[in-house]
Amino acid sequence: MPSQTEFQTRFAHALHHGGPLPAGLAAGPPQAAGSRFDIHRNNLYAGLVDTLAAAYPVVQRLVGEAFFRAMARAFVARHLPQTPVLLHYGGAFPDFIAAFPPAAGLPYLADVARIERAWLQAWHAADAVPLDPARWAGTDPREAPHLRFALHPSLQVLESPWAARDIWQTHRHDRAPRPLEARGPQTTLICRPRETVQVRPAPAGTCPLVRALACGSTLEDAMAHATRVYPDLDLAACLGVLLRAGAITDLSPTGRPS
Amino acid sequence: MTTHTHDSRPPRPSPVPASAGVGLKPAHYKNILEDHPPVGWFEVHAENYMGDGGPPHHYLQAIRRDYPLSLHGVGLSIGGAGPLDREHLGRLAALVNRYEPGLFSEHLAWSTHDTGYLNDLLPLPYNETTLKRVCEHVQEVQDLLGRRMLLENPSRYFPLEGATLGEIEFLQELARRTGCGLLLDVNNVQISAVNNAFDPRDYLDAFPLWLVEEIHVAGHDRQQDAAGAPLLIDTHDRPVDATVWSLLGRVLERSGPRPVLVEWDSRIPAWEGLMSEARRAQACLDHALPEGAERHAITD
Numbered sequence: 001m002p003s004q005t006e007f008q009t010r011f012a013h014a015l016h017h018g019g020p021l022p023a024g025l026a027a028g029p030p031q032a033a034g035s036r037f038d039i040h041r042n043n044l045y046a047g048l049v050d051t052l053a054a055a056y057p058v059v060q061r062l063v064g065e066a067f068f069r070a071m072a073r074a075f076v077a078r079h080l081p082q083t084p085v086l087l088h089y090g091g092a093f094p095d096f097i098a099a100f101p102p103a104a105g106l107p108y109l110a111d112v113a114r115i116e117r118a119w120l121q122a123w124h125a126a127d128a129v130p131l132d133p134a135r136w137a138g139t140d141p142r143e144a145p146h147l148r149f150a151l152h153p154s155l156q157v158l159e160s161p162w163a164a165r166d167i168w169q170t171h172r173h174d175r176a177p178r179p180l181e182a183r184g185p186q187t188t189l190i191c192r193p194r195e196t197v198q199v200r201p202a203p204a205g206t207c208p209l210v211r212a213l214a215c216g217s218t219l220e221d222a223m224a225h226a227t228r229v230y231p232d233l234d235l236a237a238c239l240g241v242l243l244r245a246g247a248i249t250d251l252s253p254t255g256r257p258s
Numbered sequence: 001m002t003t004h005t006h007d008s009r010p011p012r013p014s015p016v017p018a019s020a021g022v023g024l025k026p027a028h029y030k031n032i033l034e035d036h037p038p039v040g041w042f043e044v045h046a047e048n049y050m051g052d053g054g055p056p057h058h059y060l061q062a063i064r065r066d067y068p069l070s071l072h073g074v075g076l077s078i079g080g081a082g083p084l085d086r087e088h089l090g091r092l093a094a095l096v097n098r099y100e101p102g103l104f105s106e107h108l109a110w111s112t113h114d115t116g117y118l119n120d121l122l123p124l125p126y127n128e129t130t131l132k133r134v135c136e137h138v139q140e141v142q143d144l145l146g147r148r149m150l151l152e153n154p155s156r157y158f159p160l161e162g163a164t165l166g167e168i169e170f171l172q173e174l175a176r177r178t179g180c181g182l183l184l185d186v187n188n189v190q191i192s193a194v195n196n197a198f199d200p201r202d203y204l205d206a207f208p209l210w211l212v213e214e215i216h217v218a219g220h221d222r223q224q225d226a227a228g229a230p231l232l233i234d235t236h237d238r239p240v241d242a243t244v245w246s247l248l249g250r251v252l253e254r255s256g257p258r259p260v261l262v263e264w265d266s267r268i269p270a271w272e273g274l275m276s277e278a279r280r281a282q283a284c285l286d287h288a289l290p291e292g293a294e295r296h297a298i299t300d
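As you go down the protein sequences, you meet chains A and B in turn. Numbering-wise (UniProt numbering), the first sequence opens with residue 1 and increments by one. Numbering-wise (UniProt numbering), the second sequence opens with residue 1 and increments by one.
The hints are simulated quantities; they were obtained by calculation from the structure and are not laboratory data. Built from N, CA and C at the ideal position, the CB exists for glycine as well. Incorrect hints may have been included.
To be verified - Some chain B residues judged to face chain A by a derived CB distance under 8 Å, without partners named:
#1 47
#2 113
#3 144
#4 275
Generate the whole structure from the sequences, applying the supplied hints.
Listed below in structure tokens is the structure:
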């Protein structure tokens, strides 16, 4: 008789990787045992493929249900959830898509998946109250460079060499894929200031700017960081988008003399 | 959406009444808040509310303000050979503090192993070794949450070697050693009975109903295994089967009223579809004996 740990190890392995049934099943004829064990296999695979389908509806629309389910199944075979909380299952799916040879013909697919991923994370992110725009408007311009920004927990900014946001937007509610200019680049801001997840265009350079602000840089230092990559960075435009999207929740002076 | 402050707590923990409740689904949030339907209580899967914030919590808080709530976990892996996931227990404790559910239940099953979460409620053989392990886990959860939990009888698709105890014996002993209560899933009894060739009425007649604080009913699929034997699958994706309704009546006749939940987790119907199942469950309850009919049998 195997120990309880051995039994569960074999059971889990047979569920996830297939192969012979684990010892310990006492279910009559072998083919009957197999078809009964398949109920658990199906709950593992079909259940998690359904979870991915619910999280990535636009990706499924772009590739069709059969292709999507095969791709998702291949992902499940490599990535078991590491927690029973499935709200965030499939974080590695966009990278998996990017490296999935049969999807190579749709080079923008992974970036569309990244938008869907960010949308879902924003949906479940912690709540926070956006900054009253009057506070920013009332800031002394000499102090602004030394301010630090608290950002909304749901905020994400994504860059894509493709028109990933347009493709996502167009296929959000459509039944079938339609031809579209796929070339970008596009920068996309995703944020949920209240109940609704916002997906908006953002100026080039918003991504490194936000990353630096998120690390606690002052506005001046964050701008210096972002302009190294985007020399033409339009700071006013970036801040305007962030404020309108409710992506900033607080400002704090650093106390440096201006 | 109704707007409420985020940190507002439910007024007080409210007990789950001995009436019909339904599983709460996002598709029905708005129906419930707008129409305030006459359902006794709602149940949610704990793991679906373990995000940090957002609309799921806004809706659940608003609904919790108007209805008693039961919290039903699917991922603790109480029957796991390995230790419980402390991080997951922490999330559960936070959720219990936040919503103050009237009942908290989990499954007599395992779902997590070294390699990860297997997204299913998997069977364990019933013997002294597994009983001891499950008792330790139940005790750990109850100590951490500071409250009694309920354990649910699972759906079983095949017998396992190494079983020396019956399921009822196992559950009853578990309750005796840990002080936990039981959740009797009548649909699971019907599924296990057909799949393992026993009479569900015998099982239910032997079940320690004085330990039962909640009852589940749900729909199942009817298939055949590769040898042509009937095989019922726990799908929660359709109306409750006629046999299960009749078994529920048999239980309630003996137990008196208990909280009865209609579970419907997949291919979710429009609100009215679920409501009509709840009305049927309530009708079964209304026919049951008054509270206290068999209560003097509670001695142990």
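Here is how each hint holds up against the structure:
1. 47: 5 Å, holds
2. 113: 4 Å, holds
3. 144: Residue 144/B check fails; min Cβ-Cβ to chain A is 16 Å, beyond 8 Å.
4. 275: 24 Å, violated
Going through the hint list in order, the structure does not satisfy hints 3 and 4.
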